[in-house]
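Protein chains: 2
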Amino acid sequence: MFKLFTDCATRFIPEKSMKVLLGEAHEAMELLLSGKGKGADMRGWIDLPLYVDDVIKECNEIASSWAGKLDAVVVIGIGGSYLGAKCALKALSHTFSLGGMKPKPVIVFGGYSLSEDYMSDLLGYLKDKEFGVIVISKSGTTTEPAIAFRILKKVMLERFGPEVTRERIVAVTDGEKGALREMCKKYGYRSLAVPNAVGGRYSVLSSVGLLPIAMAGCDIRRFVEGAKDAMNVLLNDKSDENPVIQYAAIRNALYRQGKKIEVFVNYNPKLKYLGEWLKQLFAESEGKETKGLFPASLDLTTDLHSVGQYIQDGERTMFETAILAGSREVEVKIPEAEDNLDGLDYLKGRTLEEINSKAETGTRLAHVSGGVPNIYLKIDKVDEWNMGQLFYFFELSCAVSAYILGVNPFDQPGVDVYKNELYRLLGRPGYTD
Amino acid sequence: MFKLFTDCATRFIPEKSMKVLLGEAHEAMELLLSGKGKGADMRGWIDLPLYVDDVIKECNEIASSWAGKLDAVVVIGIGGSYLGAKCALKALSHTFSLGGMKPKPVIVFGGYSLSEDYMSDLLGYLKDKEFGVIVISKSGTTTEPAIAFRILKKVMLERFGPEVTRERIVAVTDGEKGALREMCKKYGYRSLAVPNAVGGRYSVLSSVGLLPIAMAGCDIRRFVEGAKDAMNVLLNDKSDENPVIQYAAIRNALYRQGKKIEVFVNYNPKLKYLGEWLKQLFAESEGKETKGLFPASLDLTTDLHSVGQYIQDGERTMFETAILAGSREVEVKIPEAEDNLDGLDYLKGRTLEEINSKAETGTRLAHVSGGVPNIYLKIDKVDEWNMGQLFYFFELSCAVSAYILGVNPFDQPGVDVYKNELYRLLGRPGYTD
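Protein chains in written order, with our numbering: chain A, 6 to 438; chain B, 6 to 438.
FYI, nobody ran anything at the bench for these hints, they're computed from the structure.
You can't tell identical chains apart in this list, so a pair holds if it fits in one copy or across any two.
Below, in silico cross-link-like pairs of lysine to any residue (SDA-like), each with a Cα-Cα straight-line distance of 20 Å or less:
no.	residue 1	residue 2
1	Lys264	Thr295
2	Lys277	Ser102
3	Lys265	Glu320
4	Lys159	Thr356
5	Lys159	Val335
Taking the hints into account, I'd like the entire structure generated from these sequences.
Here you go:
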């Protein structure tokens with residue numbers, strides 16, 4: 006089980022405030038579980054890990070039927086239909102693979118931008134490849150993925166013919182209605198349903214995340230087990246020590262004290278996209294009614310030589326939430342050198358993991374002394390089980406946190422403003438006024 | 006020449022404040038050019054584009070001597086010795102290349118983190134490859150790159166022997182002193198000098214950026230020409246219309262009005278690392294004395310389905326600076342479909358570039374209506390010349406801006422706090438108290 010450490014944050018919070026906030030966190034958790042809070046019809050993610058056995062089986066079956074046969078699979082999706090899988094793949098794939106744990110198929114993403122440069126590079130990459138498509142969209146009409154799907158389908162029809170194209174498309178979409186569901190019916194695409202009560206940013210443990218993650222060769226059973234193990238602890242621990250209660254209370258306490266920015270940091274490039282996933286989760290859940298912490302992310306120690314200067318000495322408006330991971334099996338030690346010109350002999354024989362861990366402690370001490378509260382969470386390594394743990398912990402913490410803040414954790418009214426402006430400018434029928 | 010558009014920002018600034026700030030921007034520019042401001046001995050980057058002809062020649066020569074012969078080149082560096090090249094490579098490489106414009110050598114990075122997972126993946130990747138190393142460090146003793154260099158050199162010595170290892174290492178380091186310079190002397194590595202009066206984050210147009218960018222197969226002559234063309238305009242335009250004056254004035258005006266976060270946005274994934282480069286530039290130059298805008302970055306339209314919700318509806322503390330690029334030669338149009346189930350027929354025959362550009366306008370309208378000022382800058386496409394333009398424009402704007410803020414744009418005292426804590430924890434000789 007992951008561990009949450011709070012002492013470098015709570016020292017910035019008066020005991021009395023902390024007590025108040027812990028109380029509010031318990032109430033928020035009860036509100037969430039009672040189904041009486043805002044947006045309560047979108048709570049399907051809470052016990053999702055209990056109900057995905059069939060989905061796991063189906064995802065693994067599709068993955069193994071494509072494995073080895075296809076060179077590449079394009080996963081089409083944006084926002085919550087993209088970031089969970091992207092995050093898990095980045096965490097679990099070899100650093101120097103384009104995507105995926107196996108040589109074939111390589112997993113690439115499409116439909117998460119409107120860039121012509123990106124699309125032309127993607128088409129170039131696919132030119133000489135046998136490829137398939139996983140298209141993920143609840144409605145099937147979100148502009149970016151819908152365009153990417155139309156373009157790629159056209160290419161597939163021309164190159165592979167209708168029968169092979171049909172076999173090489175899997176849709177993850179609404180179980181009953183919507184454009185993509187209609188296409189599945191008409192053309193006979195294989196499909197998985199997006200559960201009704203699960204919003205995009207809470208969907209990584211559903212078919213939305215599981216299919217692309219399975220396709221990449223990851224063990225999605227372990228992944229869901231990690232989430233389930235987290236769920237069993239976090240939903241049942243009624244004490245103040247429950248990490249969800251702790252984390253939700255602390256970040257709201259700091260927000261009330263005037264902190265404006267939460268910086269998610271990692272010390273392992275494999276967790277780069279965890280920062281992106283967290284930014285969506287918190288920004289969309291809390292960033293409304295002119296409220297909410299602004300979520301940012303940093304990769305350390307890399308960015309200590311960049312935004313680190315600001316964290317240390319800039320405006321005192323932020324706190325840090327660090328996700329720390331031990332390294333995997335392989336040990337890398339500092340070797341002997343021909344000489345000691347680099348002055349590193351004092352590190353000889355020590356592992357990179359130890360040095361990285363000291364860097365993490367040093368950074369925390371430096372930042373705390375500079376007035377930046379620091380919450381940190383430790384997992385023993387980056388693998389499927391631990392990623393499942395992290396996803397579940399943050400989803401639950403975010404929902405509880407948003408209830409403390411007093412907003413609906415499950416809507417995103419601000420996203421529609423841009424969508425409507427875009428439709429109007431493009432002259433979409435019905436939006437031309 | 007790039008174009009800066011300011012009307013969606015200036016409408017948020019009272020005319021009187023704007024006038025005051027424009028005056029201060031002119032003064033700051035004069036202070037910078039007079040050499041009487043803080044940190045004035047680090048202004049070597051201002052006319053750097055005029056003095057790099059020999060460096061360009063040497064970089065191209067080294068690049069062509071390795072081209073085709075090596076499978077991979079590891080560029081070792083962190084902070085300013087990393088981000089400029091990474092940004093340029095990401096912008097100019099094929100999206101689905103690991104790094105570089107040519108099939109060989111692939112350019113990968115090392116020494117920008119202490120992660121054991123990363124290093125073990127890197128060593129795995131290099132296992133069966135003929136590779137070389139470009140090691141970039143002014144001193145040669147910064148922990149992250151020094152460790153990576155020690156590890157990789159050991160591997161090279163064991164696999165290639167001392168003679169070939171010597172031929173496959175190029176150092177970019179201080180011209181006279183320091184650990185890496187000593188190694189060059191002792192082992193006969195080829196080397197380029199880091200100019201004395203150019204700090205890391207202002208160094209992309211020096212040997213620091215030019216060598217890895219040339220190695221990747223990019224045209225560094227065009228790149229420097231872009232910067233030179235920008236320089237000629239920006240240093241000589243004494244009017245209020247000078248984009249540097251405009252941009253520096255506006256961002257400081259917004260900061261004084263209470264804006265706390267500057268969000269750098271792009272609409273092309275190729276510019277993802279421009280955001281990272283900009284964050285270092287501004288955070289290290291301005292984030293001190295408990296002052297400065299917090300720099301964040303977003304990739305759009307991707308992140309409209311993520312942090313976009315916060316931008317639209319969260320706390321009203323940010324403004325946006327958008328970098329917009331037309332697409333390259335290849336046109337991608339929305340094709341005909343078998344049916345119109347996706348409802349996209351109204352876009353049939355239109356290019357992705359047009360739609361992306363409408364999305365950009367729509368986003369701006371939505372955000373401005375939500376109280377988020379928007380500055381935007383347009384380049385016609387992402388290529389060497391335009392990247393040179395952008396780098397120069399932002400370096401100059403940042404220095405002028407920091408002078409308006411009243412801080413030294415060229416130091417980074419906060420970075421040392423972490424370095425010293427790390428040395429102490431690791432027991433480095435002289436730091437143990």
